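K.L.:
This is what each chain is made of:
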Amino acid sequence: GENVEQHPSTLSVQEGDSAVIKCTYSDSASNYFPWYKQELGKGPQLIIDIRSNVGEKKDQRIAVTLNKTAKHFSLHITETQPEDSAVYFCAANTGANSKLTFGKGITLSVRP
Amino acid sequence: KAGVTQTPRYLIKTRGQQVTLSCSPISGHRSVSWYQQTPGQGLQFLFEYFSETQRNKGNFPGRFSGRQFSNSRSEMNVSTLELGDSALYLCASSPVAGFDQPQHFGDGTRLSIL
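These protein sequence lines map, in sequence, to chains A and B.
Counting in our numbering, the first sequence runs from 373 upward without gaps.
Counting in our numbering, the second sequence runs from -4 upward without gaps.
In case anyone wonders, no lab produced these hints; they're calculated from the structure.
Quick caveat, the model's predicted, so the values are computed rather than measured.
Each residue gets a CB set at the ideal place from its N, CA and C atoms; glycine is no exception.
Worth double-checking, as some hints may not be accurate.
[Claimed, not checked] A short, non-exhaustive set of chain A residues, derived as facing chain B with CB atoms under 8 Å:
no.	residue
1	Ala401
2	Tyr404
3	Pro406
4	Lys409
5	Leu412
6	Lys414
7	Gly415
8	Pro416
9	Leu418
10	Phe461
11	Asn465
12	Ser470
13	Lys471
14	Phe474
[As the list claims (entries may be wrong)] In the EDC-like style, the derived pairs of lysine to aspartate or glutamate whose C-alpha atoms are separated by at most 20 Å in a straight line are:
no.	chain 1	residue 1	chain 2	residue 2
15	A	Lys440	A	Glu428
16	A	Lys409	B	Asp102
17	A	Lys430	B	Asp95
18	B	Lys52	A	Asp399
19	A	Lys409	B	Asp95
20	A	Lys429	B	Asp95
21	A	Lys476	A	Glu374
[Unchecked claim] Across the chosen pairs, the derived CB separations fall in these ranges:
no.	chain 1	residue 1	chain 2	residue 2	range
22	A	Lys443	B	Gln13	38 to 44 Å
23	B	Ser17	A	Leu418	18 to 24 Å
24	B	Pro56	A	Asp389	43 to 49 Å
25	A	Arg483	B	Gln49	44 to 50 Å
The shape of chain B in the complex, shown without the other chains (with noise of 0.2 Å):
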């Protein structure tokens, strides 16, 4: 069973662009969320998707934003972008919704931003 693809996996960006970052979850798993990952903040949630919906969000500012597709697939978009964006942004994925059961993680996208 091939495990969570993301692509792609080095994106270089500066200052004001914006970025779309995608996750395909393992086959038959249904949630999907998203981490940032800095050596200062450590691994901090971004939200969780089910089902196409949003359920749950950290505490990122409106800039950073997602979505889910009908085939569980999950993209995050983050606008306007700043020099502390810079960040291995992650996603994990599992059956279904919640957090008291495995998250399997993705190898993560590097985004520098320049």
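Isolated chain A, as found in the complex (with noise of 0.2 Å):
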């Protein structure tokens, strides 16, 4: 399958907690995992991503942590802003790199 699972579907912190995002995926042959942040109006920017030769990798508050074995990998965002509210993808490149499969989305609200 080329299945992208995320969850939850939506999280609310408190301002300056961490946020984790959780997503799974099925097909065996992706090796390459963004995550995108959205917000009204807009389109999905990039805000991070991992290579399945790689366990984690950190950007200032964001980190990516991917478990091959378990086809799972999670967005890690602490010391949380208001400006981090907004949606949430992950997604995983599948069908031999054919395409980009997305998860259905989280909506993170951030409580000032």
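Fit the two chains together into the complex; they arrive one by one in their own frames, and the hints show the way.
P.N.:
As structure tokens, then:
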């Protein structure tokens, strides 16, 4: 299969707390896993990505971890700020790298 | 460097009409892919173009088609519009073909079918 599942569908955190968003994938051949942030009226913006030969990648307050054996990857946002509020999508390249398959998205709300 | 540009931003059509959407990729990017975004189905892959050739196509009816020009700009066309075609249509570009590299999205065209 080529499914990418994302959970939870909504997440609310207090400003300054950490947020973790998890995704699972089914295509064993997937080797590229990007995360996108989408704000209202805008297209998805790439915030971080990870390849299958790496277990973790960090960029300031954002990190992504990958567990190839379990076929899941997670986005970690530390010290959340109100401007982190948006819809976040995980994705994976599937079908022998013929397309990008997205999770359904999660709405993150950061309470001031 | 200018980002991915999609025109128009908004479109209103009626059932049975056809529509053409345009996408200008980031300068130097030769691959353009298209996606349909709806609240129920999320982001779904439509097709990818590279060097004026369609490389891959998603699970959409033949009413959805596209093309790419020699300057890498791409258009997608939807014929015989149905109510269910109401969606945000997004395009993304990347330097080369394939999806094991960052895809850069435009802000989309919002298509409403009356």
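K.L.:
May I ask which of the numbered hints given earlier this structure violates, with the numbers listed in increasing order?
P.N.:
1, 4 and 5
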